[in-house]
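The whole structure should be built from the sequences, with the hints applied where relevant.
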Amino acid sequence: MQPTSATEILVLELITSFNKKSVPISLSSTFARDLAFDSLTVMDLVAAIEDEYDLILPLNMLPDLETVQQLINAVEALVKAKHHA
Amino acid sequence: MPDLLDKFDYASAELAKLQFLGVNPVGVVMEKILSPTRAIISGKETILLGTYNYMGMTFEPDVIEAGQKALTDFGTGTTGSRTLNGTYVGHKALEAALSDYYDTRHAMVFSTGYQANLGMCATLTGKGDYIIIDADSHASIYDGCAMGNADVVRFRHNDPVDLDKRLKRLPPEAGKLVVLEGVYSMLGDIAPLAELVRVSKANGAMVMVDEAHAMGFFGEHGRGVTEQAGCEAEVDFVVGTFSKSVGTIGGYVVSNHPKFEVLRLMCRPYMFTASLPPSVVATATAAIVKLKSVHAKRNQLWKSVKALHGGLKAAGFNLATKTPESAILAIIMPSQDIMVSLWAAMLEAGVYVNMARPPATPAGMCLIRCSVCAEHTDVQVQKVIAAFEQAGHVSGALGDMAAVA
Ligand SMILES: Cc1ncc(COP(=O)(O)O)c(C=O)c1O
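First to last, the protein sequences are chains W and X. Read left to right, the first sequence gives residues 1 to 85 (the numbering used here). Read left to right, the second sequence gives residues 86 to 490 (the numbering used here).
Hints were generated in silico from the structure; no laboratory data involved. Be aware that a few hints might be false.
Label-pair restraints from in silico Cβ distances [as the list claims (entries may be wrong)]:
| hint | chain 1 | residue 1 | chain 2 | residue 2 | range |
| --- | --- | --- | --- | --- | --- |
| 1 | W | 26 | X | 341 | 54 to 62 Å |
| 2 | W | 69 | X | 341 | 42 to 50 Å |
| 3 | W | 69 | X | 253 | 24 to 32 Å |
Restricting the straight-line Cα-Cα distance to at most 25 Å, the calculated cross-link-like pairs of lysine-lysine (BS3-like) are [said to hold, decoys possible]:
| hint | chain 1 | residue 1 | chain 2 | residue 2 |
| --- | --- | --- | --- | --- |
| 4 | X | 212 | W | 82 |
| 5 | X | 250 | W | 80 |
| 6 | X | 253 | W | 82 |
| 7 | W | 80 | X | 253 |
| 8 | X | 377 | X | 154 |
Predicted model, so just to flag it, every value in this text is computed and none were measured. Idealized CB from N, CA, C, for every residue including glycine.
Following this line, the structure appears as structure tokens:
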């Protein structure tokens, strides 16, 4: 897998740091099924991303972020919105 | 045709496994209630140590009499919403009693505390606003967030520094509501309200505190942790329930906000459900008036809490709070199996307690939880401690096995 953006590299790094079971990660991996992240792990991952980018990833967005790619896209959009604000 | 209930098979299987082992945690039936602290379960007299009946108000003769009179005079139910035919003189008297108890201008009564949280969270914040909640918030707060249209931000449990950091990331001009609880019911720990409220206000947020597990015995007037922490003037809304210290059922919000009354026209869980029956309203009113002056009950409650916390600690149990912070004492279990065995052994020994496990609990913990009642006698508390010591060894919660697990 060839990462294509800085955000992608960093978000993948953060996800990997919570991947305690060392499941192979791809852009289409789902957090709940493939990576078996429980709700506490998801909360820690979200907090790590928020701290890294100094932004807020609202809880109500999470149900729509099922895959690694979806999370990366969401972070990219939030970063962009922040710089335009 | 797909069966929509298939997705719950895992839960049925888990329950079946417990039932096979002779334990049914959701199958306890109270055959007789002898007092706020004693019941007959499976034909056996049992001490109740898991009912949230903190002030033991369920059998006060004058409260029962008030309920009976209202039942006779006003009938069995209102058959209507508060906004239509469901507001009786009793409902107005109950709201007046709440305003008096909390010394606030406004009080609004809901049919349950669950609905009060649902209604307030979903109505106060809307699209473009932010609702900021503690990670360990009660289900009714999470559900209120899910029902509303605001963006939901979660901060680390009881952590003012994390709350401050998150509030600072939000647009300064956006509407914000921080939702807190005085006592968190899973571990029985209290919130550092003075700091959390200060941080919220400094960042331009309104504040709501749920005092479900604190009303009646925290603060000089029993108004909760908000009163004890000295931040009543800064807290915009206090939510509570009649299902614990008040000893009946219902929920409420009190506030000094000048525009508060408009919520009666906006809050769907207030409008689209029937109001509380007159008998319940009368017992709630009588109990709240009484709670203002039951100093002996408060003292006995705190005395029992301290004795039980000390006794369990001395027996070797791992308690969730180092000191007795509230009327809930939680024991951290080494495993789910030991939790189930201890719970069953306690019931066998004639003591009813609660068990709790993830996702209801924080940090994946399995807990045995006790809630103390003002009507527990010193003798009952000693009996409970003795039962815990014995059941602790039988179940493996105490001793060598606990250390290994
Ligand atoms: C913190 C908290 N808020 C609200 C509620 C809901 O109260 P009620 O039983 O009145 O629906 C509870 C009780 O379960 C609770 O623990």
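Cross-check of the supplied hints:
1. Taking 54 to 62 Å as the suggested C-beta distance range, the pair residue 26 (chain W) and residue 341 (chain X) conforms, at roughly 55 Å.
2. Between residue 69 (chain W) and residue 341 (chain X) the beta carbons are some 49 Å apart, a value that agrees with the proposed interval 42 to 50 Å.
3. Between residue 69 (chain W) and residue 253 (chain X) the beta carbons are some 30 Å apart, a value that agrees with the proposed interval 24 to 32 Å.
4. A distance of roughly 19 Å separates the Cα atoms of residue 212 (chain X) and residue 82 (chain W); the hinted pair therefore holds under the 25 Å criterion.
5. Taking the CA atoms of residue 250 (chain X) and residue 80 (chain W), the gap is near 20 Å; set against the 25 Å cutoff, the hint holds.
6. Simply put, residue 253 (chain X) and residue 82 (chain W) have alpha-carbon atoms about 13 Å apart, close enough for the 25 Å limit, and the pair holds.
7. A threshold of 25 Å between alpha carbons decides the hint, and for residue 80 (chain W) with residue 253 (chain X) the separation of about 18 Å falls inside it, so the pair holds.
8. At roughly 22 Å between alpha-carbon atoms, residue 377 (chain X) and residue 154 (chain X) fall within 25 Å of each other, so this suggested pair holds.
Consistency with the previously given hints is maintained throughout, with no hint failing.
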